[in-house]
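Model the full structure from these sequences, guided by the hints.
2 protein chains.
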Amino acid sequence: MGAGNQQERLDTNWVVGFVDGEGCFHVAINKLPKMSLGWQVLPEFRVVQHQRDEGTLHQIREFFGLGVVTRNHGDRMEFRARGMENLNKIIEFFKKHPFKTSAKQRSFEQFCQVIKMMDNKEHLTREGLDKIASIAAEMNRKPRLKYLESSETIRQTSHEGSGL
Amino acid sequence: MGAGNQQERLDTNWVVGFVDGEGCFHVAINKLPKMSLGWQVLPEFRVVQHQRDEGTLHQIREFFGLGVVTRNHGDRMEFRARGMENLNKIIEFFKKHPFKTSAKQRSFEQFCQVIKMMDNKEHLTREGLDKIASIAAEMNRKPRLKYLESSETIRQTSHEGSGL
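Residue numbers (the working numbering), protein chains in the order written: chain E, 207 to 370; chain W, 207 to 370.
Errors might be hidden in some of the hints.
The list cannot tell twin chains apart, which means a pair is met if one copy fits it or any two copies do.
[As the list claims (entries may be wrong)] The calculated lysine to aspartate or glutamate pairs, modelled on EDC-like cross-linking and capped at a C-alpha distance of 20 Å, are: (1) LYS301 with GLU214; (2) LYS302 with GLU214; (3) LYS295 with GLU268; (4) LYS322 with GLU291.
None of these hints come from the bench; they were simulated from the model.
As structure tokens, this is what we get:
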């Protein structure tokens with residue numbers, strides 16, 4: 207019973223509690239020349255654990271019925287969901303079952319905002335990409351966004367006479 | 207609804223999930239000359255959050271009906287339970303509702319072992335204190351136990367001809 211039993215289906219409220227502490231909504235903006243604006247927006251939802259608890263990550267994957275369990279870094283593994291269809295399912299779940307900590311609820315709402323903009327193809331316009339970049343910089347714990355530091359963005363922004 | 211609502215009672219499985227990620231079972235061994243062996247064993251259960259989520263910590267305090275919410279360090283606050291009566295109630299709860307991660311379940315079981323030894327007054331004997339110190343060193347993430355480094359302990363241990 208309890209720890210390490212991979213057969214048992216996780217309880218909904220346990221998942222919300224665990225993700226409230228350990229989950230991460232993240233939006234990366236990566237340089238990708240083949241994209242029309244030269245940058246790719248990559249939103250993802252992940253839960254990172256030490257590799258000894260890879261079993262729990264597989265249970266989370268089974269619970270949502272989507273995503274992958276893969277190496278994060280060193281001895282850490284992660285459950286990860288990418289792609290608009292998967293992320294919209296994750297969003298639907300956490301809208302039905304809101305977080306209790308304001309920190310997680312806030313980053314979730316910012317994530318929803320980005321996904322909604324992407325659903326509307328706004329990330330393919332300069333204005334939309336700028337807005338997504340400023341939301342992402344606020345969301346991510348270590349706000350190092352190459353997009354915001356790129357000379358192209360700075361030129362564009364100062365040309366428009368508006369800050370981010 | 208959701209984040210920041212202090213009126214709402216927390217769900218049992220949410221608490222287990224949140225503590226599975228964010229909770230900490232800790233055993234300190236502090237130098238205290240008035241104790242017969244010169245050391246005090248101080249077990250505690252805590253959940254640390256950024257101060258913006260102090261509300262969640264108060265909800266956890268209300269959920270268990272014991273403990274305090276106090277400053278941890280800098281901008282972090284903690285829910286904390288100490289004392290044998292409180293800790294035995296916490297143990298009873300998590301025995302009924304086991305953790306899903308093996309990491310948390312393991313440190314919980316080690317904590318139970320220490321509390322059981324203290325219930326039996328074993329921490330008042332040199333042999334019991336040595337055993338508690340070795341369990342505590344394994345449990346705590348940063349195993350800096352002054353007790354284990356003290357010349358008194360080293361002398362005692364080498365006198366007995368046994369390692370920790």
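Right, here's what the structure says about each hint:
Taking the closest pair of Cα atoms, LYS301 and GLU214 come within 20 Å of each other only across two copies (17 Å); inside a single copy the shortest separation is 24 Å, beyond that limit. In this homomeric assembly, LYS302 and GLU214 come within 20 Å of each other (Cα to Cα) only across copies, at 16 Å, whereas the closest approach inside a single copy is 23 Å. In this homomeric assembly, LYS295 and GLU268 come within 20 Å of each other (Cα to Cα) only inside a single copy, at 14 Å, whereas the closest approach across copies is 33 Å. For a Cα distance limit of 20 Å, the shortest separation of LYS322 from GLU291 inside one copy, 12 Å, qualifies, whereas the shortest one across copies, 50 Å, does not.
Against the hints set out earlier in the document, no violation occurs for any number.
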